[in-house]
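**Q** Just remember that my numbering sits 541 ahead of the position in the sequence shown, which is counted from 1.
No wet-lab data here; the hints were simulated from the structure.
Cβ atoms here follow ideal geometry from the backbone N, Cα and C, with glycine treated the same way.
Please note that a few of the clues may not be correct.
Said to hold, decoys possible - With a cut-off of at most 27 angstroms between alpha-carbon atoms, the simulated DSS-like pairs for lysine-lysine come out as follows:
{"#": "1", "residue 1": "K577", "residue 2": "K664"}
{"#": "2", "residue 1": "K588", "residue 2": "K577"}
{"#": "3", "residue 1": "K669", "residue 2": "K600"}
{"#": "4", "residue 1": "K664", "residue 2": "K600"}
{"#": "5", "residue 1": "K632", "residue 2": "K588"}
{"#": "6", "residue 1": "K577", "residue 2": "K672"}
{"#": "7", "residue 1": "K600", "residue 2": "K577"}
{"#": "8", "residue 1": "K632", "residue 2": "K600"}
{"#": "9", "residue 1": "K632", "residue 2": "K577"}
{"#": "10", "residue 1": "K588", "residue 2": "K600"}
{"#": "11", "residue 1": "K577", "residue 2": "K669"}
{"#": "12", "residue 1": "K672", "residue 2": "K600"}
Stated by the list, open to error - Derived CB-CB ranges, DEER-like:
{"#": "13", "residue 1": "D711", "residue 2": "F673", "range": "31 to 41 angstroms"}
{"#": "14", "residue 1": "V634", "residue 2": "N576", "range": "18 to 28 angstroms"}
{"#": "15", "residue 1": "R677", "residue 2": "P606", "range": "40 to 50 angstroms"}
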Amino acid sequence: MTTKFNNQYRIKSTRLRYWDYGSNAAYFVTICTANKTHYFGEVVEGKMQLSQIGRFAEKCWHEIPEHFPFVALDGFVAMPNHVHGIIVINKPVETQDFASLRQNHNKFGPQSQNLASIVRGYKIGVTKHAKFLQIRFAWQARFYDHVIRDEDSYFRIAEYIQINPLQWQDDEYYL
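With the sequences and hints as input, model every part of the structure.
**A** This is how it looks when you write it as C-alpha cells:
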C-alpha cells in the first residue's frame with residue numbers, strides 16, 4: 542500500500558534497510574532515462590550503436606574513479622534508455638589510536654562517499670554535457686541497485702551486462 546506524507550504519495554525505498562551504502566562492496570546499478578526515452582542510441586543487430594550523448598555517458602562512467610578514487614568499475618553497458626554497471630567501493634581500512642575513537646558515531650555522517658553520491662555525480666556530469674550540447678535530456682529521479690553478495694552473483698551479473706544488447710527485445714526496459 543502506498544503511504545502519504547504531507548498529503549503526497551511516497552514511493553517506498555528500494556534500498557536495503559540497515560545497509561551502509563558507503564561500505565566496501567560491489568553494487569549492480571541501473572540508471573534509467575526519464576520516461577525511458579531512447580537518448581543513448583539504438584540496438585542494431587545485437588550491438589549498441591551509441592548516440593553522441595550515449596558516447597559521453599559511457600565516457601563519464603569510465604571517469605568515475607578519477608572523481609572517487611576508492612571506486613573500481615567492472616561491467617558497463619549503455620542501452621537505449623538506461624545504463625547498467627558494476628561499481629566496487631573499496632575504501633582503505635583506517636587504523637586509529639584507541640583514544641581517538643569517537644564514542645558517539647553519527648550514522649548520518651558525510652554522504653559524499655557512498656553509492657548515491659557516486660551515481661549523483663555521474664548523472665550530473667552527463668546532464669551538464671547534454672545541456673552544453675543543447676541536447677534535450679533527463680534522467681529518471683531514482684536508480685536501481687543490487688548489493689552483490691557473492692562471486693556467483695557477481696559473474697552472473699557481469700555476463701548479463703555483457704550480453705544485454707543481444708537480449709534487448711526481451712529487456713524489461715524495452716519500449
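**Q** If I claimed the Cβ atoms of D711 and F673 lie 31 to 41 angstroms apart, would that claim hold in this structure?
**A** For D711 and F673 the Cβ distance comes to about 35 angstroms; the hint holds.
**Q** Against the 27 angstroms threshold, does the CA-CA distance of K577 and K664 hold or violate the hint?
**A** Holds, at about 15 angstroms.
**Q** So if I understand the rule, the pair passes when the alpha-carbon distance is 27 angstroms or less; does K664 with K600 pass?
**A** At roughly 12 angstroms apart (the allowed maximum being 27 angstroms), K600 and K664 satisfy the hint.
**Q** Within a Cα-Cα threshold of 27 angstroms, do K669 and K600 meet the stated pairing?
**A** holds (14 angstroms)
**Q** Has the given pair, K632 with K577, been kept, meaning a C-alpha gap of at most 27 angstroms?
**A** violated (33 angstroms)
**Q** Taking 27 angstroms as the top limit, are the C-alpha atoms of K632 and K600 close enough?
**A** Holds - the C-alpha atoms of K600 and K632 are around 23 angstroms apart, at most 27 angstroms.
**Q** Return holds or violated for the Cβ distance of V634 and N576 against the range 18 to 28 angstroms.
**A** violated (42 angstroms)
**Q** Evaluate the given range 40 to 50 angstroms for the C-beta pair formed by R677 and P606.
**A** This hint is violated: roughly 29 angstroms between Cβ atoms.
**Q** Hint check: K577 vs K672, CA-CA at most 27 angstroms. Holds or violated?
**A** Roughly 18 angstroms separates the two Cα atoms, so the pair holds.
**Q** Has the given pair, K632 with K588, been kept, meaning a C-alpha gap of at most 27 angstroms?
**A** violated (35 angstroms)
**Q** Under the criterion that the straight-line Cα-Cα distance not exceed 27 angstroms, is the pair K577, K669 satisfied?
**A** holds (19 angstroms)
**Q** Just to be careful, I want the Cα atoms of K672 and K600 compared with a cutoff of 27 angstroms; is the pair within it?
**A** Holds: K672 and K600 sit about 16 angstroms apart, inside 27 angstroms.
Hint violations for this structure: numbers 5, 9, 14 and 15, all remaining hints satisfied.
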